[in-house]
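Taken in sequence, the protein lines are chains A and B.
Residue 53 in UniProt numbering sits at position 53 of the first sequence, and the numbers go up by one each step.
Residue 370 in UniProt numbering sits at position 370 of the second sequence, and the numbers go up by one each step.
What the hints contain is simulated information worked out from the structure, not anything from laboratory work.
These numbers were taken from a predicted model, which means no experiment stands behind them.
A portion of the hints provided could be inaccurate.
Calculated pairs, BS3-like style, for lysine-lysine (alpha carbon to alpha carbon, straight line, at most 25 Å) [as the list claims (entries may be wrong)]:
(1) A:Lys86 with B:Lys280
(2) B:Lys251 with B:Lys170
(3) B:Lys182 with A:Lys98
(4) A:Lys159 with B:Lys251
Below, a sample of chain B positions facing chain A; criterion: calculated Cβ distance under 8 Å [unchecked claim]:
(5) Pro183
(6) Glu194
(7) Val267
(8) Thr270
(9) Arg277
(10) Met278
(11) Leu282
(12) Leu288
(13) Leu289
To list a few chain B residues with every Cβ distance to chain A over 10 Å, as calculated [said to hold, decoys possible]:
(14) Lys75
(15) Gln97
(16) Asp103
(17) Ser105
(18) Asp112
(19) Gly284
Cβ atoms here follow ideal geometry from the backbone N, Cα and C, with glycine treated the same way.
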Amino acid sequence: MVGANTLRLYLTCIRNTLDAAMCAASAVCHLQNFPCQEVERHNKPEVELKTSPELLLNPVLICRNEAEKCLIETSINSLRISLKVKQADELENILTKKFLRFLSMRAEAFQVLRRKPVQGYDISFLITNYHCEEMQKHKLIDFIVQFMEDIDKEISELKMSEHTRQAGGYRVS
Amino acid sequence: MACLERASPALKEILLKLYRANKSIEIDHHLYEFGSVEYHIQSSASDEHHMYLSISTPLLSQEVLLPYGISHHTKQMITAICSDVVEIIEPAKEGYQLTLRLDFSKLPSGKDTLKVIAEISAVQAIILSSRLKEMLMNVDSHDTFQGMYKPIKLVYRPSEPFFIVRQPQKFIAVFPIHFKDKPDVIIATTFFQELMDVGSSEKWAKAPPCCWSPIPPPELRGELFEDLSTTGGFVSFEISSWHVKGKKLDKTVWSLLNFYAYVKFHVKSTRSFIQRRMRKRLEGLVELLHKRNIKEVEVEEEEEEQSRKIQANAGCKCMIRISNLPKPTVLKRRYNAFSRTIKRIRSRIKIQGFGRFRRRWLKMPKFSSSMGYTKLE
Chain A
1 MVGANTLRLY LTCIRNTLDA AMCAASAVCH LQNFPCQEVE RHNKPEVELK
51 TSPELLLNPV LICRNEAEKC LIETSINSLR ISLKVKQADE LENILTKKFL
101 RFLSMRAEAF QVLRRKPVQG YDISFLITNY HCEEMQKHKL IDFIVQFMED
151 IDKEISELKM SEHTRQAGGY RVS
Chain B
1 MACLERASPA LKEILLKLYR ANKSIEIDHH LYEFGSVEYH IQSSASDEHH
51 MYLSISTPLL SQEVLLPYGI SHHTKQMITA ICSDVVEIIE PAKEGYQLTL
101 RLDFSKLPSG KDTLKVIAEI SAVQAIILSS RLKEMLMNVD SHDTFQGMYK
151 PIKLVYRPSE PFFIVRQPQK FIAVFPIHFK DKPDVIIATT FFQELMDVGS
201 SEKWAKAPPC CWSPIPPPEL RGELFEDLST TGGFVSFEIS SWHVKGKKLD
251 KTVWSLLNFY AYVKFHVKST RSFIQRRMRK RLEGLVELLH KRNIKEVEVE
301 EEEEEQSRKI QANAGCKCMI RISNLPKPTV LKRRYNAFSR TIKRIRSRIK
351 IQGFGRFRRR WLKMPKFSSS MGYTKLE
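Working from the sequences, and respecting the hints, build out all of it.
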């Protein structure tokens, strides 16, 4: 129960922070198209380059505990969300790594997923102003929160089914 | 798992086919199976009753001693399948360890036929397990055995040796586990830990106790360093006398010989299971993302259609509304619309500057209250 409560609080905090970062409610201040200040005719996500400090907002780090955290970095035209997933033991460690690497390698299917996670994290999202134009902002936030819940759920189910198969294996051997 | 079945499925099928054929068939088959096992089956049309089966299999060798062939005890066990049907030909065919002559005309009828054919198909298992059976059969022996407590290294495949340590009233089988990939090591070690936990429960009290340790057990002290350096630790099984009584001896020996194959199979099937689950979850997440956005688009399209319908029906609704209003109000509205039309008609002729003149000089003065304010031009 305690775990479920802290998870709820953690996800709510992330949702609210993303809401504020993407300014879903306000039409005045949101991720907007901003051409590159240094190279003509280029349009790059400023959160990745980090060459112009005036275009970056303060990053926010939300920690559920020592093992689980979420880093939200915002800039004028893009937003980067990096997640660190809990890994209680070695089996969860390899399951998480395998699963998240599997998803990252197929990042084009998700559009907002980054192929390589930020250093120190397990998976990263990159949302640009173009994504905000194509997709609904509040739905994007819903998707990211749902994604986090699904990862936890999937890792737990994989571990549980592993144990069941192993117990079955004992009968055979 | 064909590699864990005692009887070779392919060989069994060929033997059944030969048995069920009404006339003699000319056959010359070579079969190659997992574990470097080779079969050669020959049947000639001229010799109706007999067929020849040659087998080549790696033998279980002990330490540095190379196997010198099939022991007399093993040959006795093979002949004991059905002495009328099976006859060992000496010397064996070149390149094979054993050649058998089978006479299907002397096969017993009914269900026993299938049983005998299945046992003939399992000849390779008999050859392989005979050495280990001889060792385990003497588990209860009280003789002071030379080299007691000294581990005996048995090699079936070159990279997979295992050890048998004889102790009073029991044997300990120790398997050093080695995997190249780290995920395989973790899956295997989790399996062994689960094996230990499940095996120690009351339900499985009769099964051989299992133990896993990351370091070599004390029984293997003094063995070669290359045999003791592993990535997956050491798995030990305690074999007691009741595990090798009667028919259990065959099962116990076969399980020990195929333990490595089973572990590898488990690791491989776990990886493919994880892969399937991940693929399924990926599809679900992608569908979720696109479904959310498609739903929004559909809702927007519906709203657009509805607004179009409202505009189309606006005229009708307007008529309905007017008919419900009182007559003076209706007349006033019609007069206002008429005067607006007249004004529009009148102001079609545009004179430059007239608009400003009209606004300044031709408008009615407004009486402003003390509370209001006057707009400065």
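Violations among the numbered hints: Failing hints, ascending: 4, 7 and 19.
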